[in-house]
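Q: In case you want the letters, here they are:
Number of protein chains: 2
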Amino acid sequence: MIEVEVKARARPDTLERILASGAVHVGTENHRDLYFNSPQCDFRKSDEALRIRIKEEGARLTYKGPKLDSQTKSRLELTVQIDNPEEMVQILEALGFRLSAEVRKRRTKYALNEVIIAFDEVDGLGSFVELEARGDAEWEQQRELLLSLLKQLGLGESIRSSYLELLEENGRTS
Amino acid sequence: MIEVEVKARARPDTLERILASGAVHVGTENHRDLYFNSPQCDFRKSDEALRIRIKEEGARLTYKGPKLDSQTKSRLELTVQIDNPEEMVQILEALGFRLSAEVRKRRTKYALNEVIIAFDEVDGLGSFVELEARGDAEWEQQRELLLSLLKQLGLGESIRSSYLELLEENGRTS
Chain A
0 MIEVEVKARA RPDTLERILA SGAVHVGTEN HRDLYFNSPQ CDFRKSDEAL
50 RIRIKEEGAR LTYKGPKLDS QTKSRLELTV QIDNPEEMVQ ILEALGFRLS
100 AEVRKRRTKY ALNEVIIAFD EVDGLGSFVE LEARGDAEWE QQRELLLSLL
150 KQLGLGESIR SSYLELLEEN GRTS
Chain B
0 MIEVEVKARA RPDTLERILA SGAVHVGTEN HRDLYFNSPQ CDFRKSDEAL
50 RIRIKEEGAR LTYKGPKLDS QTKSRLELTV QIDNPEEMVQ ILEALGFRLS
100 AEVRKRRTKY ALNEVIIAFD EVDGLGSFVE LEARGDAEWE QQRELLLSLL
150 KQLGLGESIR SSYLELLEEN GRTS
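These protein sequences, in sequence, are chains A and B.
If you're matching positions, the first sequence starts at 0 in numbering that gives the first Met the number 0 and goes up one per residue.
If you're matching positions, the second sequence starts at 0 in numbering that gives the first Met the number 0 and goes up one per residue.
The set of hints was computed from the structure by calculation and includes no laboratory data.
Be aware that one or more of the hints could be misleading.
Unchecked claim - Coverage of chain A stretches by chain B, computed from C-beta distances (three or more under 8 Å per stretch; other residues unrestricted):
1. 33-40
2. 78-86
3. 91-104
Unchecked claim - Distance windows between CB atoms, simulated:
4. A:Arg133 to B:Gln70: 52 to 58 Å
5. B:Asp135 to A:Arg133: 43 to 49 Å
6. A:Asp135 to B:Asp122: 38 to 44 Å
7. A:Asn169 to B:Glu85: 36 to 42 Å
8. A:Glu28 to B:Glu56: 26 to 32 Å
9. A:Asp135 to B:Met0: 42 to 48 Å
10. B:Glu156 to A:Asp82: 33 to 39 Å
11. B:Thr27 to A:Ser20: 54 to 60 Å
12. B:Glu56 to A:Ser69: 42 to 48 Å
13. B:Asp122 to A:Ser20: 53 to 59 Å
The beta-carbon is built from N, C-alpha and C at its ideal position, and this holds for glycine as well.
Let's have the full structure, built from the sequences with the hints guiding it.
A: In structure tokens, the structure reads:
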């Protein structure tokens with residue numbers, strides 16, 4: 000499926016504006032994200048990502064393809080639920096993939112019609128907002144919806160870098 | 000974990016001898032096994048395997064390392080349960096792995112103390128017995144136990160080839 004997503008750095012009034020928009024609080028999750036790099040090609044250059052996300056309710060393995068446009072983070076996303084993240088780490092390492100970074104964050108989710116608003120507090124990076132479309136519309140339409148909501152929430156420019164890339168820029172990854 | 004396993008071609012009296020050994024019927028499963036090869040190295044040469052097994056109760060992703068001895072099929076096995084085998088196929092293909100073969104079989108399982116006896120009817124190959132140790136003993140001890148049970152069941156030499164390799168020898172894989 001195509002994951003249509005935009006991201007921006009949060010501002011002091013962002014949480015207040017999310018609530019004022021009519022968005023409904025959905026829940027809070029703690030994410031421990033393990034990123035792997037390929038033995039074949041450098042995912043930083045090919046703009047791909049392979050991640051194990053561990054949260055309270057369970058774990059998932061996710062592949063993300065290269066970004067589809069120059070404005071947003073929209074990209075192919077493939078994901079499966081897994082019962083044992085430690086064993087998945089061992090499988091990936093046996094296949095030649097290497098753990099490249101770990102990202103921890105606290106995500107508070109809100110729903111506004113077909114959009115999920117995630118307020119992320121990322122260890123070592125600060126607070127961000129990610130907007131993700133969940134509807135059945137074409138991805139270009141969803142992108143416009145998200146970019147206009149970003150504006151409505153008073154948020155600045157869309158950041159296309161992942162938390163992993165932002166942490167690497169900061170030189171804080173393991 | 001180390002999977003300690005021996006395999007032999009079934010004989011006309013094998014099922015009868017399994018039941019006469021005191022083994023208890025556990026259940027019957029239909030397996031659809033999808034094998035993948037690596038973009039980096041040929042798993043046939045490196046003696047590794049990467050498989051998605053789909054059965055009625057769910058699916059698993061399994062990696063098997065090279066065999067540990069010259070008599071049995073014992074090897075490192077790493078496995079996770081996955082909720083969506085089709086999406087797992089897409090993730091593996093996105094990472095450069097290629098579907099190399101599909102193996103279908105009907106497995107009837109029996110338990111005899113710490114040993115699982117699997118009577119396998121493999122599409123295109125015929126019937127086989129696999130003995131797998133489940134105890135906490137050292138793998139060399141388990142191997143001796145399995146080789147002696149193989150003899151007790153009147154079965155011939157231990158076959159170290161996987162069903163995938165046997166099908167490849169027969170030239171019947173897709």
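Q: Using the C-beta atoms of threonine 27 (chain B) and serine 20 (chain A), is the stated range 54 to 60 Å upheld?
A: holds, 55 Å
Q: How about the segment 91-104 of chain A: do at least three of its residues have a C-beta closer than 8 Å to a C-beta of chain B?
A: holds (count 3)
Q: Kindly confirm whether 33 to 39 Å is satisfied by the beta carbon distance between glutamate 156 (chain B) and aspartate 82 (chain A).
A: holds, 37 Å
Q: Between arginine 133 (chain A) and glutamine 70 (chain B), does the beta-carbon spacing fit 52 to 58 Å?
A: holds, 55 Å
Q: Given a hint of 43 to 49 Å, does the C-beta separation of aspartate 135 (chain B) and arginine 133 (chain A) actually sit inside it?
A: holds, 47 Å
Q: Do at least three Cβ atoms from the segment 78-86 of chain A come closer than 8 Å to Cβ atoms of chain B?
A: holds (count 7)
Q: Note whether the CB distance of asparagine 169 (chain A) and glutamate 85 (chain B) lies within 36 to 42 Å or breaks it.
A: Since the Cβ atoms of asparagine 169 (chain A) and glutamate 85 (chain B) sit about 38 Å apart, the hinted range of 36 to 42 Å holds.
Q: Does the Cβ distance between glutamate 56 (chain B) and serine 69 (chain A) fall inside 42 to 48 Å?
A: holds, 45 Å
Q: With respect to the beta-carbon atoms only, verify the hint that aspartate 122 (chain B) and serine 20 (chain A) lie 53 to 59 Å apart.
A: Holds: the Cβ-Cβ distance is about 57 Å, inside 53 to 59 Å.
Q: If you check the beta carbons of glutamate 28 (chain A) and glutamate 56 (chain B), does the distance land in 26 to 32 Å?
A: holds, 28 Å
Q: Are aspartate 135 (chain A) and methionine 0 (chain B) spaced within 42 to 48 Å by their CB atoms?
A: Because 43 Å falls inside the window, the suggested range holds.
Q: Kindly confirm whether 38 to 44 Å is satisfied by the beta carbon distance between aspartate 135 (chain A) and aspartate 122 (chain B).
A: holds, 39 Å
Consistency note: the structure conflicts with none of the earlier hints.
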